[in-house]
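K.L.:
In case you want the letters, here they are:
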Amino acid sequence: MSGSPNVSSVALGHAPGSLVYIGDREAETPVIDVIDYDDENYTERRVQDVKECKCYIGKPSVTWINICGLNEEIIAGIGEQFGFHPLLLEDILNTEQRPKMDEYEGYAFFILKMLTYDEEKEEIETEQVSLILNEDCVISFQEVEGDVFDPLRERLRSNKGILRKHGADYLAYSLIDAIVDYYFVILEKIGDDIEDLEDELLENPQRDTVETLHKKKRQMITLRKSIWPLREVISKLERGGTGFIEDTTRIYLRDLYDHTIQAMESVDTYRDLLTSMLDIYVNNVNNKMTEIMKVLTIVGTIFIPLTFISSVYGMNFEYMPELDWRLGYPLVWAIMILVSVVMLLYFRNKKWL
Amino acid sequence: MSGSPNVSSVALGHAPGSLVYIGDREAETPVIDVIDYDDENYTERRVQDVKECKCYIGKPSVTWINICGLNEEIIAGIGEQFGFHPLLLEDILNTEQRPKMDEYEGYAFFILKMLTYDEEKEEIETEQVSLILNEDCVISFQEVEGDVFDPLRERLRSNKGILRKHGADYLAYSLIDAIVDYYFVILEKIGDDIEDLEDELLENPQRDTVETLHKKKRQMITLRKSIWPLREVISKLERGGTGFIEDTTRIYLRDLYDHTIQAMESVDTYRDLLTSMLDIYVNNVNNKMTEIMKVLTIVGTIFIPLTFISSVYGMNFEYMPELDWRLGYPLVWAIMILVSVVMLLYFRNKKWL
Amino acid sequence: MSGSPNVSSVALGHAPGSLVYIGDREAETPVIDVIDYDDENYTERRVQDVKECKCYIGKPSVTWINICGLNEEIIAGIGEQFGFHPLLLEDILNTEQRPKMDEYEGYAFFILKMLTYDEEKEEIETEQVSLILNEDCVISFQEVEGDVFDPLRERLRSNKGILRKHGADYLAYSLIDAIVDYYFVILEKIGDDIEDLEDELLENPQRDTVETLHKKKRQMITLRKSIWPLREVISKLERGGTGFIEDTTRIYLRDLYDHTIQAMESVDTYRDLLTSMLDIYVNNVNNKMTEIMKVLTIVGTIFIPLTFISSVYGMNFEYMPELDWRLGYPLVWAIMILVSVVMLLYFRNKKWL
Amino acid sequence: MSGSPNVSSVALGHAPGSLVYIGDREAETPVIDVIDYDDENYTERRVQDVKECKCYIGKPSVTWINICGLNEEIIAGIGEQFGFHPLLLEDILNTEQRPKMDEYEGYAFFILKMLTYDEEKEEIETEQVSLILNEDCVISFQEVEGDVFDPLRERLRSNKGILRKHGADYLAYSLIDAIVDYYFVILEKIGDDIEDLEDELLENPQRDTVETLHKKKRQMITLRKSIWPLREVISKLERGGTGFIEDTTRIYLRDLYDHTIQAMESVDTYRDLLTSMLDIYVNNVNNKMTEIMKVLTIVGTIFIPLTFISSVYGMNFEYMPELDWRLGYPLVWAIMILVSVVMLLYFRNKKWL
Amino acid sequence: MSGSPNVSSVALGHAPGSLVYIGDREAETPVIDVIDYDDENYTERRVQDVKECKCYIGKPSVTWINICGLNEEIIAGIGEQFGFHPLLLEDILNTEQRPKMDEYEGYAFFILKMLTYDEEKEEIETEQVSLILNEDCVISFQEVEGDVFDPLRERLRSNKGILRKHGADYLAYSLIDAIVDYYFVILEKIGDDIEDLEDELLENPQRDTVETLHKKKRQMITLRKSIWPLREVISKLERGGTGFIEDTTRIYLRDLYDHTIQAMESVDTYRDLLTSMLDIYVNNVNNKMTEIMKVLTIVGTIFIPLTFISSVYGMNFEYMPELDWRLGYPLVWAIMILVSVVMLLYFRNKKWL
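Residue numbers (the numbering used here), protein chains in the order written: chain A, 1 to 353; chain B, 1001 to 1353; chain C, 2001 to 2353; chain D, 3001 to 3353; chain E, 4001 to 4353.
Derived by calculation from the structure, the hints in this document are not laboratory data.
Note that the structure is a prediction, hence the values are computed from the model and not measured.
Among these hints, one or two may not hold up.
[As the list claims (entries may be wrong)] Quick list of in silico lysine to aspartate or glutamate cross-link-like pairs, EDC-like style, CA-CA up to 16 Å:
#1 K3351(D) <-> E2203(C)
#2 K4217(E) <-> D268(A)
#3 K4225(E) <-> D258(A)
#4 K3217(D) <-> D4268(E)
#5 K4215(E) <-> E198(A)
#6 K4217(E) <-> D258(A)
#7 K4217(E) <-> D272(A)
#8 K1225(B) <-> E2203(C)
#9 K1215(B) <-> E2291(C)
#10 K3217(D) <-> D4272(E)
#11 K3215(D) <-> D4136(E)
#12 K3160(D) <-> D3039(D)
#13 K1288(B) <-> D2199(C)
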């Protein structure tokens, strides 16, 4: 049941703050990448131990720690190193969270949904991305290594754009922006699928077309659930009390906010479109039914009386005067043709022909 | 009528504040359990008389009084001992209340719905849990002895987690948290039922499938009615004017708030899913109907004219020249085969075959 | 048309504030009852003239004047005696008002809907009750003498509960509470009717079941219209600027507010239930249709071809070799049985049998 | 297309503030009536020129200038005389405005919809009424001379009620009140039409009943569009910053506000009623269909097999032993009767009979 | 798929603020028109280079720079000359934005949707118009050269109306007003189409009528998406913190706000109308089906039993006494006529005839 909601298996009986991974994906060997940069310098390292990250902190440069694979031990290590709240660590591991932003003393915490689209199965896959932003550092957590952040890394390396000229707040914005931009890619792909479906619907509706339409509608709900709370997250961040957001970044956040609204509108428009396609489909099915009934009615209504007439003269009574008439047989034919013509005229009059 | 709302039989003519038990369950012999703890000490006792509880109050340790079975006398005794408002006591006994939080001078009062799922009957059972929280004491009232709070008791006994390090406010949070966590268990079970139902629907829809779908939809309404007002309760508690909530607990309440939102979303998603399943079901029924009609139409439309033709030559007229033709009989067969072939081609053309 | 809204025949051309009775009930001879009480004394009198009420006013005791029967003269008299605003008096006489609360200088004015249920006709009857509350006096106006306030009178007489210990504000609360409590009685009765209807629907749906369902739905709208604005009234009263509400009463009002929400929820649940019953009904009708069609199709599809075969050998051609075959007749039977069996297997395969 | 919205043909290319009459009605010769009154004096005059109005302004008496027929020249004249904003004048001439209130320095401007009901065509006709209120003067603009304000004029002339004791604000209130009161007259008339329609629906549904139901639903939308924004207008006026509204009038405005809410509720109730009538109609049509199918099925299912049996013994095979049996014929009849009885029992069992 | 939402192909991997044109239209050779005016002077020039605009800035006269064709180079040039924020420039080029207003330090930025209606294809075409307003200058960007602003230019040239007497804020208002006025033109054209469609629907519904209805409904959604956010834009501008809006212009903006509300209402009314037309269509289709079934049922139910009767006497049994009766044949006819008459009376009784 692909469309069913993922009910969070909140660990029963565990104390709040216990670190238990909740999710579908096999925990892979986790990978920790550290990128440290300012406008002039750029370092990129894959570290083995969380403790190695520590040395980058407190320097004026911006540090981005990206952790792929949700390993309970590493998360606990990060928590210990940076002094994060245990509930925050629990949320990182529970991948059924909805997008949100929590402000803590000295850092802000984000949960986002990174979506990818499996074009073969025509299914949306959801991955939870968590971000922690403090003064000069962004820590990001992914379930699996993805390529959504790759263009960003490239821009960092090549010092293209203004990314390396701004602080950690702009980096966090850029990461969220990369995720939101990817929603549009998915919307475009689903849009293509819907277009195909529309052609199929008009030309050659299949047995499972309705199921596919409903599946698409459910995908829209999935998208909506990922995008809708994001609106609030970004708006909270823009207005935000967190002292980390510079005014220059705020303008970019406003722009990002507009993008999420735009994505929401596309989702709603697709939903309306799918509903309207379902209506058209149902109408077509009804029209077909009416047409089938019409054919049966016309054939039946014409031939049933005729058969009656001929069966009358198939009776074996001794005394049936008509049977001996010379013109009996042609007369019966005449009557039968007359009846048919009258019927046909009646049907034409009713516009059933 | 399992899905019908429970109309509170508010005692007519009784003055407000009269203590009358309103509910379905046979009042069992009530049981009073007192747990008194701080980080170092832990006492657990089953007392006979409400008055015995009194001695634990006013000490720096946290006291949890749990009362199972809504006995009017005991409730009245509690009210007298602690000086609670009569309306509060009336609310405890009226088990048709909706979840709410009332703040009184010196204590806060909560009504919650503890849900359990009878897997055999596939029905949700609702039990009302009331909590009173003051400075150093939590009093909880249950209709029957349940096991939802058992893991919590275990954590208290074994001093696992941070439970014994915090005050009564954290205990109250933990009790509400235990109830909310159990909603997810129920959602998961209902999710499984819905999954089974979906398979049944696609493969072998039964006569009562629609009734079951509607029953599930009504269960979603029950869940919604329990969870939705809880949101408000927790938010009120978090912001709350009550002086009992410490800042550290506030973070946990925010987390709990997120959980209720998440539960609400699951409920809504299931509801959408059930609606979409109903649509698919109706569509399948219509498709079946169309298919049945098609078969009748094809068979009828082909054979009714043929029968007419053969009945014509079953007439007993004296003068029917065709009957004496040598090739009359094969000719009629030829005509009949021709008619059938034309019909079949027409149907193929219409894509009804 | 019992479900049609009562359009207020606002007297056209009359100046605002004109006293004209607008309502369905024959104006009965009005009855004025005065109850004057404090914790120690209790007087109950039926007076003839409004002026006799005057003497109870201004004393520290609480006075309750109850007027049954909306007589224009008496209302005008009351208005004159107490100096009430003419619009208020007009509202009392116009029984098509929606529940509301208006605050005037020195007194507050309430319009409420008292509902009763005619179990024979299964119809809700609406009666408008108006209340005026000032410092030490409550004046209530009823269309007909009812028994909803009787338990209250009894409690006053017998000094049961805390009613006589509180002021006029608590009396007003008790009157509203009595009306709201009666809503639950009605909801329970309608609940029973709906339960009966549900059984009828599943076992033996009648021709008029759908009409009854829609009638019940309209009753829910009537209830909703009476209860929904009440929420606002009570909330306004609780927060209220009126200086008459003591803090102790405020807690009772909060409780009353919760009751109206609870009643609203029951109404909404019944409405959902009725909608879902309608859906089930429509589905059952469709299923029945499909089943009928199936029987016709199966019988028709099997026998129409067989009849064709036998009619072929009823033709009277001179040269029909099969007719002279010794095994012709059994052969035809064999063919016909074969055709039937093939058909039946096809239908079984299609799961129509 | 009577139900189609009137799209305002906002004059393209005209500068904002250009005075162009936009509306359906032939501009009649406009009529200007001036009524000047205080508690003691009353003057009523029909003037030819706008300038003659001027002399009444600035005196302590209240002046009511009523202009029937939207003549661009006269409106311009008024604008010049009193110094009104050009946009206001443009709004008066554009009769497709929605109800609104605009506050200008020194005067307030209202647009209202006066509705009348053409009982023959069963259609609602909309007329735009504009009001300008300043310190001591009300100017009203009507498209055609109507009689809705006549009772008001009568009350002014005869000094009935308190109208002449109050200022221009109370006059403005009375004009709006007269319009709102007329909504109830229309609602009552439509209510009667709906009642007739309901009877027709249950007893003898016509071909065009559904069209009429939809037409009525569209009328409800028209009413809603006229009444809904009025709510806001009155509430704005009541709270209003305009210094013209005295406190005594404010109470009347609150009452008027309640009336609009009441009218809205009637509209909504009628709409629900119409929807429910449509549902009942559709259900009746479906039931009829099912009944028709049932008759066809029963007759067909019984006689098609019987016809088959008799056609078997109409075959002309040489060797059909049954034909020579003495009891062959009665036996066939016995079989046929048996088959019919079994069929009928089956149908009774299925509750189709 | 004309109705599908345009998913913004936000350039993946591009840094925010990168200037990339996103849209369907072939970028034409861009055209820059500069109009500079005050009440006395008027200059109009087509410039080649953005830099030539510079000289008009800073003077007390109002400058309107209109750029047709979204050329990345020119936009960048404008940005450089005037120091606009890069995100703003990116928004101008991304033509899938929703209408919005962004306030920057020293200037305000608007995105609007200019709609045109292709009457042949019955399709709405959307063009994005961006406006930048600062102290004394308005810069507008169009995708293609349109004629919506032509009347405005004419008014400027001829100094008609008050346009040249006001500042840049009034010019910006006039531009938005021109766009909104054009919405009414489109609404009127669509209204005509809907009217035609309604006639077609009642008289001669075509196969594709439903598709057309749904297409029109989708156009309403497109209109809604263009108009709805505009409301917010204008309201923001009216209240706006931007120091550029003079109080006199504010009144015009309030008027414009009313116009957008009016346009929204027309859209909603059309949508309701289309929904109601769809309902009527579906009802007509169902009625037709019922009528067809009725004819089949009547003919079948009458003739199937008659055919059975005559087929009985077509049997070839040796001993069938009726066959030898003198009156056998007329008797059978009598029976058959009797059966038909009974049937017909039954049908008339059921009101199927």
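K.L.:
Each hint should be assessed against the structure and marked as holding or not.
P.N.:
Hints and how they fare:
no., hint, result
1, K3351(D) <-> E2203(C), "11 Å, holds"
2, K4217(E) <-> D268(A), "14 Å, holds"
3, K4225(E) <-> D258(A), "14 Å, holds"
4, K3217(D) <-> D4268(E), "14 Å, holds"
5, K4215(E) <-> E198(A), "13 Å, holds"
6, K4217(E) <-> D258(A), "26 Å, violated"
7, K4217(E) <-> D272(A), "10 Å, holds"
8, K1225(B) <-> E2203(C), "30 Å, violated"
9, K1215(B) <-> E2291(C), "24 Å, violated"
10, K3217(D) <-> D4272(E), "10 Å, holds"
11, K3215(D) <-> D4136(E), "52 Å, violated"
12, K3160(D) <-> D3039(D), "11 Å, holds"
13, K1288(B) <-> D2199(C), "28 Å, violated"
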